[in-house]
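Each residue of the sequence shown is one higher than the one before, counting from 16 in this note's numbering.
I should point out that these hints are in silico values taken from the structure, not numbers from a laboratory. Treat the hints loosely; a few may be bogus.
Restricting the straight-line Cα-Cα distance to at most 30 Å, the calculated cross-link-like pairs of lysine-lysine (DSSO-like) are [stated by the list, open to error]:
| no. | residue 1 | residue 2 |
| --- | --- | --- |
| 1 | K111 | K68 |
| 2 | K83 | K40 |
| 3 | K84 | K111 |
| 4 | K68 | K44 |
| 5 | K84 | K32 |
| 6 | K44 | K32 |
| 7 | K40 | K68 |
| 8 | K73 | K40 |
| 9 | K83 | K32 |
| 10 | K83 | K73 |
| 11 | K83 | K44 |
| 12 | K84 | K68 |
| 13 | K111 | K44 |
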Amino acid sequence: MGSRRGNDYAYRDQQFKGPREELDKLLSKSSTLYIGNLSFYTTDLQIYELFSKCGDVKRVIVGLDRFKKTPCGFCFVEYYTREDAENAMRYVNGTKLDDRIIRTDWDAGFVEGRQYGRGRTGGQVRDEYRTDYDVGRGGYGKIVQQKLGSTEALTDI
Numbered sequence: 016m017g018s019r020r021g022n023d024y025a026y027r028d029q030q031f032k033g034p035r036e037e038l039d040k041l042l043s044k045s046s047t048l049y050i051g052n053l054s055f056y057t058t059d060l061q062i063y064e065l066f067s068k069c070g071d072v073k074r075v076i077v078g079l080d081r082f083k084k085t086p087c088g089f090c091f092v093e094y095y096t097r098e099d100a101e102n103a104m105r106y107v108n109g110t111k112l113d114d115r116i117i118r119t120d121w122d123a124g125f126v127e128g129r130q131y132g133r134g135r136t137g138g139q140v141r142d143e144y145r146t147d148y149d150v151g152r153g154g155y156g157k158i159v160q161q162k163l164g165s166t167e168a169l170t171d172i
């Protein structure tokens with residue numbers, strides 16, 4: 016989950032091991048960003064191209080459904096410097112990529128395993144209970160799909 020900053024959503028890794036002060040210290044020095052609200056169809060190359068306009072990108076780690084190993088709407092972007100990451104926060108947050116308004120937030124640094132969705136069905140928790148039909152995020156939410164029947168039939172509409 017996250018916390019609220021005025022009208023902005025602030026991503027916080029709820030599984031961070033350690034005190035809040037330690038997390039805040041890591042965030043204040045980090046050159047890694049969490050990117051949310053991506054389309055399931057956005058590629059790592061598209062992400063790289065957009066974020067490299069703000070500086071030298073070290074790597075892009077696309078978030079994956081932990082069961083299907085398919086993209087599930089988030090990623091991490093690591094820069095070589097904090098300054099380049101700050102530029103991305105300033106200029107890319109709230110812009111459109113694949114017809115979706117994306118959000119960027121600070122991340123304490125990528126750790127292997129965090130690229131997998133944490134929802135019960137393998138994707139992101141936010142997509143489990145969604146009742147609207149969102150083409151860019153796989154159709155209806157996973158729980159709604161299960162209640163209505165075949166997920167393949169619903170996502171192929």
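So, going through the hints one by one against the coordinates:
For the hint pairing K111 with K68, the CA-to-CA distance comes to about 14 Å; that is within 30 Å, so the pair holds. Between K83 and K40 the CA atoms are separated by roughly 35 Å; this puts the pair beyond 30 Å, and the hint is violated. Distance check on the hinted pair: K84 and K111 sit about 25 Å apart at the alpha-carbon level, within 30 Å; holds. The hinted pair formed by K68 and K44 meets the criterion: a straight-line CA distance of about 21 Å does not exceed 30 Å.
Among the hinted pairs, K84 with K32 is consistent with the structure: their alpha-carbon atoms are about 25 Å apart, no more than 30 Å. Using a Cα cut-off of 30 Å, the hinted pair K44 and K32 holds, with the two alpha carbons roughly 18 Å apart. Only pairs whose Cα atoms come within 30 Å are accepted, and K40 paired with K68 is accepted, the gap being roughly 27 Å. Restraint check for K73 and K40: satisfied, since their Cα atoms lie roughly 21 Å apart, inside the 30 Å limit.
Under the criterion of a C-alpha separation no larger than 30 Å, the hint pairing K83 with K32 is consistent with the structure, at around 27 Å. For the given pair, K83 sits about 26 Å from K73 by alpha-carbon distance, which is consistent with the 30 Å threshold. With a C-alpha separation of about 34 Å, the suggested pair K83 and K44 falls outside the 30 Å cut-off, and the hint is violated. Proximity of K84 to K68 is assessed by CA-CA distance (about 28 Å); at most 30 Å being required, the pair is judged to hold.
Among the hinted pairs, K111 with K44 is consistent with the structure: their alpha-carbon atoms are about 27 Å apart, no more than 30 Å.
Hints 2, 11 from the list above are not met by this structure, while the remaining hints are.
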